[in-house]
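Construct the complete structure from the given sequences, taking the supplied hints into account.
Be aware that the sequence shown starts at 1, since it is given in UniProt numbering, and climbs by one per residue.
Think of the hints as simulated: they come from the structure by calculation, not from any bench.
Just so we're clear, the structure is a prediction, and the values are computed from it rather than from any experiment.
Among the hints, erroneous ones may be present.
27 Å max Cα-Cα, derived DSS-like pairs, lysine-lysine [what the hints assert, rightly or not]:
1) 566 with 553
2) 438 with 394
3) 256 with 283
4) 438 with 395
5) 269 with 283
6) 269 with 256
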Amino acid sequence: MILGRMRLSHRFTLVFSLIVLAMTGVLFVAMDRYFRGTLTSNAEHRASGMGQALATVSLPHLLRYDYLTVQQVVDGVVDGQEVLYAIVLDKEGKVAGYSGQRDRQGFHLDDAATRSSLAAEAPNLRNLDWNDGEHDVRVVEAVFPVRPPGETVRWGTVRLGLSLETVSHQLWVTRVLLAVIGLAGVFAATLASLLLARRITQPLRRLVEATERLESGEWDPEFRVDTGDEIGDLARKFSRAASSLEEQTRRLRQAKEELTALNSTLEDKVEQRTAELHSSNEKYRLLVEGSLDAFCLLDGEQFVFVNPAFLEIFGRDEEEVSIGLGWDQILHPNFLGQARARFEALEAGAPPFEEEWVGVSKQGRIIDLEVRGRWVPYEGREVVELVLVDVTQKKTLIQQIVQNERMRAMGEMTAMVAHHFNNILAIIHGRAQLVQRKVQDPRLAESLEVIQSSVLKAGEMVRHLQDYFGEQFDLRFVEVDVNALLEDVVFYQERVWRSSRPREAPPIEVHMELDAIPPVRGAGPLLRDAFGRILVNAVEAMPMGGDVYVRSKANATHVTVEIEDKGTGMDAETLSRAFDPFFSTKGSASRGLGLSASLGIMQRHEGRISLKSEPAEGTSVSIVLPIEARVSRIVPFGRAPVAADAAATPPSGSASPSAPGAAETGSTPSLG
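Following this line, the structure appears as structure tokens:
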């Protein structure tokens with residue numbers, strides 16, 4: 001930024017000087033490295049030569065153990081300035097001669113440098129710090145093993161230290177000289193750049209002044225700049241361009257006047273068109289935002305626009321969309337492949353589609369959807385437009401109608417069959433009793449008792465069917481204490497299953513969590529029967545023992561009873577047939593009328609019953625009864641109110657009579 005505000009001549013001078021300075025710096029570094037390497041190499045060669053000479057001179061004295069002469073030799077080598085020390089060690093590693101320190105003769109030196117020297121098998125050089133008694137000095141040390149020619153026996157070791165201070169001083173002098181030469185070069189280059197910049201910028205300054213006059217309307221057609229180079233050519237071309245520009249300006253002024261005349265008419269048309277477009281956009285916005293159906297635009301994997309209905313249906317908020325909500329987050333996993341195939345087909349040019357998919361809200365609610373999709377332009381690119389219609393309630397109502405019609409037809413058929421079947425059973429039972437009175441054969445009498453017992457069981461089954469489909473005697477509705485009823489049922493059932501289960505069977509504990517609730521109007525015997533059937537299912541669902549929870553609570557209009565076990569639970573297929581009559585997972589051991597009969601009882605009380613279950617996690621049965629019933633007598637099933645909750649389809653892992661879901665059969669353990 002600072003360089004951009006400087007004049008051209010100053011910038012030219014500055015840049016040229018910086019280039020020269022950089023080149024001088026590079027040259028300085030290169031020369032410094034060269035001289036430093038040369039001086040250091042010379043010092044190393046000198047140390048190596050002196051060390052080798054000392055080893056040669058010391059060899060005969062070491063062979064004769066003449067350590068006095070060795071000491072004189074090392075003292076003569078050291079000058080105190082360049083050669084700082086010389087040490088000769090004998091074959092045992094003891095000091096044979098130590099410059100300036102005769103008292104160390106015959107002793108071992110225990111330092112890292114000495115140990116390293118004794119371990120060296122060949123001559124070597126190394127740099128280290130040497131303390132001369134006052135301060136540390138950087139030296140190059142030559143280490144030479146002392147051996148007689150042609151022998152491998154080592155008779156000693158020579159260490160000679162050569163100071164590098166002289167090298168450092170010579171290097172400093174060289175650096176100062178190079179710096180002076182470099183600064184002189186930079187000064188000369190700066191002076192030359194100033195002269196060259198003036199030669200270039202003066203003609204350019206005249207061009208600038210001519211441009212300013214042209215801008216103010218004072219153009220001089222006789223303007224000339226004669227430099228004999230490219231700048232002169234530029235000035236001549238500028239003069240011709242300025243004359244042409246003046247002519248074009250005159251023409252543009254004339255064209256501007258004509259455009260001004262047309263502008264007022266065009267502005268009126270633009271305002272009118274803008275108003276129409278705004279009105280159209282406003283209508284489209286109101287249509288999309290006010291729609292009860294979800295409307296969205298999909299760009300690749302994420303939504304770029306959704307309307308309020310989309311957010312409400314899928315339980316999302318605008319922040320989730322803004323940070324990137326993917327289409328795979330609103331669809332059921334089973335439909336992801338189908339959706340991806342449709343989107344790819346649209347991108348390839350396929351026509352719009354209309355299908356039924358299943359979505360999932362943020363809270364996990366399953367949503368049945370009618371989906372219409374097409375390829376549309378949006379902000380300069382192509383996106384997928386989706387219209388999603390929530391048909392969950394519609395499908396629920398259809399299922400309720402089909403279920404009620406099915407149950408009504410079964411009720412009519414059951415009533416007719418039960419009537420005739422009871423007559424037949426009565427005849428069989430009566431005849432068996434008459435024959436039994438006259439028979440003396442014990443085995444035949446036993447067979448007649450089996451016939452009568454089977455007739456009674458068949459009659460009980462007919463009674464269960466009549467209970468479910470409404471063919472039963474009337475009972476008056478009275479106020480019923482649900483908590484007391486639950487306590488009685490649990491008290492009775494506990495004694496039944498404790499006496500019937502093997503003594504070594506795992507224990508089953510029932511936990512009562514009963515809130516203070518108001519009484520309901522209903523038939524106590526029927527409610528007791530329904531609660532008992534459900535409790536038996538819960539117990540039989542836990543062959544390995546466990547806990548059963550019986551809860552009650554109430555709000556302003558309804559009482560809710562929940563019976564939950566921690567048994568085997570049910571899979572989705574079993575769950576979907578929970579309320580089907582005669583369906584059982586225990587085979588011939590159960591009639592499969594437990595839940596279906598309980599459903600009939602709850603329907604006659606204007607109540608509803610629903611299930612939630614997962615395999616290996618247990619089952620929860622929820623019963624909702626109104627505090628004030630709208631009827632005073634139990635009515636046949638064909639006129640009973642619908643028990644299912646029409647507000648929404650039960651979520652995955654649950655079932656109600658109107659929407660196939662979780663399972664329970666008569667007294668099947670797996671339907672606990």
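Do the hints match the structure? See the list:
| no. | hint | verdict |
| --- | --- | --- |
| 1 | 566 with 553 | holds, 21 Å |
| 2 | 438 with 394 | violated, 65 Å |
| 3 | 256 with 283 | violated, 39 Å |
| 4 | 438 with 395 | violated, 62 Å |
| 5 | 269 with 283 | holds, 21 Å |
| 6 | 269 with 256 | holds, 20 Å |
The earlier numbered hints that this structure contradicts are 2, 3 and 4.
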